[in-house]
Amino acid sequence: MNATRMLELRDISFSYQRPVLNGITFDVCAGEIVALLGPNGVGKSTLLSIAQGALKPQSGQVLFNGQSIANFSQREMARRMAIVAQPGVVRFPLTVIEYVLTGRFAHVGALGFDSPRDIEIARKALLDTDALQFAERKFNELSSGERQRVVLARALAQDPQLLLLDEPTANADIAHQISLLAFVRALSREKNLGVLVVTHEINLAAEFADRVAMLKDGRLLACGSPADVMTAELLSELFATRLIVDRHPQSGNPRVSWAMTAREEPPRDSV
Amino acid sequence: MTNLKRMLFEQNFDPSLKMTIRGYLTKRRAMAVMIVLSLALVTGSLCALAVGSEHIAAHQIFAALWAKLIGAAPRLSREQEVIIFGLRVPRIALSLGVGSALAIAGAAFQALLRNPLADPYVLGVSGGAALGSIIAIIVASDVSISRPLFGFAGAAIATVIVYRIGRRDEDPAHLVLAGVVMSTFISSVMVLLTVLADNIKLRNITLWLLGDLSSGSIEGLIFVMVAAVVGTIILMTQSRALNLMMIGERDAFALGVETARVRWIVYLTASLLTGAAVAVGGAIGYVGLVVPHLVRLAAGADNRLVIPASGMVGALLVLLADLVARTALAPRELPTGAITALIGAPVFVYLLIRNRR
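As you go down the protein sequences, you meet chains V and S in turn. Quick note: the first sequence uses the working numbering, first residue 1, plus one each step. Quick note: the second sequence uses the working numbering, first residue 1, plus one each step.
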C-alpha cells in the first residue's frame, strides 16, 4: 500500500515497574487496517494508550501526519483519532443518543446545545453501526454486544482520521464480529481511515487486516501482510503454543488452528 | 391525520432514516424545566413569607413587596415590617442559598466521582467546616461572623488536604478514601472538643451539627449567596465535560477533555460550595445526595440541566424544610437538617431499592 503514513510510532520504549515496550517502531497508513497481535500482558493496550497520548513513552515519539502528538491539545487529538475500548459501567441514566453525542465534544464548544448537524452525525453513526433502533434507550440497559456497537458509533461521531480499536469484538457473537470488522474495513476504504486494532481473534485478523504487527517480549517480532507473517513458525513463537496454519478454503488467507498433543485430544467416545 | 394522508406518508417512510430521535437535551426542554422550577420557587418563597407565628395574608405581602420595590410608604405595621423584611426575607434567602449550593455541589461530585449516590459530605469537607465552626462557637464570644469564617477556613483546609492525599491517579476511589479518613479523624477531634464546651455551647453545637438556619447573619447570607452564584457559573462551564467524565475518565480524555484540569476545577468548586453552605447553615443532610438523583430521574442525566435544576430543587427543598422547621412546633424551632433528613432518608432508601432492581 502506497498510502501516506498517518500514525508513526518511532522507537517507543515504556516501562511500568518492569520494561514493557522496548524500541517499538511501526506505522499505520491512511486507508489501512493494521492488527496488533500478541499474548496477554505483552503491552498491546499500553501501546494503544501511547498512540492516543494517554501515556507518555519514556523514549521515542509518536507522530501523526508527520507532527509529534505531544504538540496537540487533547481536543485536537480527539478530532484526529478515536479509540474504541471495552465500555465501562455507566451508573447514570444516560441515553444511547446522549452517549454518542459525547463524541462531538471536541468539535463543539464547551457550552451550549448540540446543533442539528451534530444530531445528524450521531444519527448517521448509529445507523451505520446498526444501533439506531435503541437510540432512545438507556445505555446501561443494553447488552454488552449492543454497547460495543454504540461505542463504535460514538467513535464515528468523532469523525476521526484514525481509529484505535482495543478488542472491539470481545463481546460480540460471530455474526456481529464479522459484520463489525467488515463495516470497519468498508469505512476504512471509503473514508481513507487508518485503523489499528488490537485483537485476539487471529483468524479475523488474517481476513480483515492489511498488515499484522506481532508484539512479543516488548519487541516487534514481525510486521507485514497476513500472508507473509502469519506463518506457523512465527505464530507458534508469538503465543508460545504449537499452532498450525493452512488456508481459508474461500479467501486463501492464512487460517490458524491449534496443534493438539496426544494429551489434549478429546477422548473419542465423547465426540 | 386522515387515512389518505397517513398512507401517502407511510409509503416513503423509511423508519431508520426518518425517525426523530428523542432522549437528548434540547434547549426547549431545558428552558421548560427551568421555567417550571422558577415558578415553583417563587410560589414557595411567597408561601414561606406568609406563614409563620405572625400570619400575613398573601395580598398584603404582595403590596408590601411592591411598596418596597417602588419605594412607597410601607403598608404594614412596623412589627409586620420587621418580621417580613428583618426576619423572614433573610432566612428564606439563606435557605435558598444553602439549599442550592449543597444540591449543585452534590450533582457535581456525583458526576466527578462517577457515583450517583455520592454525597457532598463524602470528601470530608463538611467535617472541616464543622470543626472550624465548633472552634468558633467555643472560642469566640460573637459567632455571627467568626463562625462562618472559621467554618469556611476549616472546609478549605480539609479540601486541600484530601485532594493532596487522594489525587494520586485517575481512580476517584482514592479521593473518597481520603475523604472518609479525613471525616473520621475530624469527628474524633470534635468529640474531644465538645468535652471542653459548657452546656449552652454544647446545645448550640448539637443544633448546628444538625443544620440550623435560625442563627444566620447578614454577612453569612451574602457569603453563601455569592458562593452559590459563582459556583454555579463555574460548574456550568464544566457541565458538558462532566457529562463525559461521568462515563469514565479514560473515555473523557480520549474524547478531548483535559481531565486533570476538569477534575481539580470541579473538585475545588464543589468543595468550597459545600464549605460555604455548611459554614453558614450547618450540616444539612441529604439535600446534596437526593436532589440531583431526583432531577436525573425526572429530566435525564445531562449535567447541563442537572446542575442548574438541582440548584433550584435543592433551594426549594431546604426552603420547605425550613418552613416546617420553624412552624411545625412553633414557637419551638426544629433544626432544618432534621427535617431534610426526615424527608431525605426514606427517599434515599427508596432510590437504593429501586437502583438494585
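Source of the hints: derived by calculation from the structure; they are not laboratory data. All values derive from a computational prediction rather than experimental measurement. Possibly wrong hints are sitting among the right ones.
Unchecked claim - If we take Cβ atoms under 8 Å as the criterion, some of the chain S residues that face chain V in the derived model are: (1) 22; (2) 24; (3) 68; (4) 69; (5) 72; (6) 243; (7) 247; (8) 294; (9) 298; (10) 300; (11) 302; (12) 327; (13) 332.
As the list claims (entries may be wrong) - Examples of chain V residues lying across from chain S (beta carbon under 7 Å, computed): (14) 16; (15) 71; (16) 72; (17) 74; (18) 75; (19) 91; (20) 95; (21) 97; (22) 106; (23) 116.
We treat Cβ as the ideally placed atom computed from N, Cα and C, and that holds for glycine.
Each hint, compared with the structure:
1. 22: holds, 6 Å
2. 24: holds, 5 Å
3. 68: This hint is violated: residue 68/S lies away from chain V, its Cβ roughly 36 Å from the closest one there, beyond 8 Å.
4. 69: violated, 33 Å
5. 72: violated, 41 Å
6. 243: holds, 6 Å
7. 247: Because about 6 Å separates residue 247/S from the closest Cβ in chain V, which is inside the 8 Å limit, the hint holds.
8. 294: Violated. Min distance 12 Å.
9. 298: Violated: closest Cβ of chain V sits about 10 Å from residue 298/S, beyond 8 Å.
10. 300: holds, 7 Å
11. 302: The hint holds - residue 302/S has a Cβ within 8 Å of chain V, the shortest such distance being about 6 Å.
12. 327: This hint is violated: residue 327/S lies away from chain V, its Cβ roughly 36 Å from the closest one there, beyond 8 Å.
13. 332: Given a least distance of 41 Å, the restraint on residue 332/S is violated.
14. 16: Residue 16/V check fails; min Cβ-Cβ to chain S is 13 Å, beyond 7 Å.
15. 71: It is violated, given that the least Cβ distance between residue 71/V and chain S is near 15 Å, above 7 Å.
16. 72: violated, 10 Å
17. 74: holds, 5 Å
18. 75: Interface hint status for residue 75/V: holds (4 Å vs cutoff 7 Å).
19. 91: holds, 5 Å
20. 95: holds, 4 Å
21. 97: Holds: closest Cβ of chain S sits about 5 Å from residue 97/V, inside 7 Å.
22. 106: With a closest approach of 3 Å, the residue 106/V hint holds.
23. 116: Since the shortest Cβ distance to chain S is 10 Å, the answer is violated.
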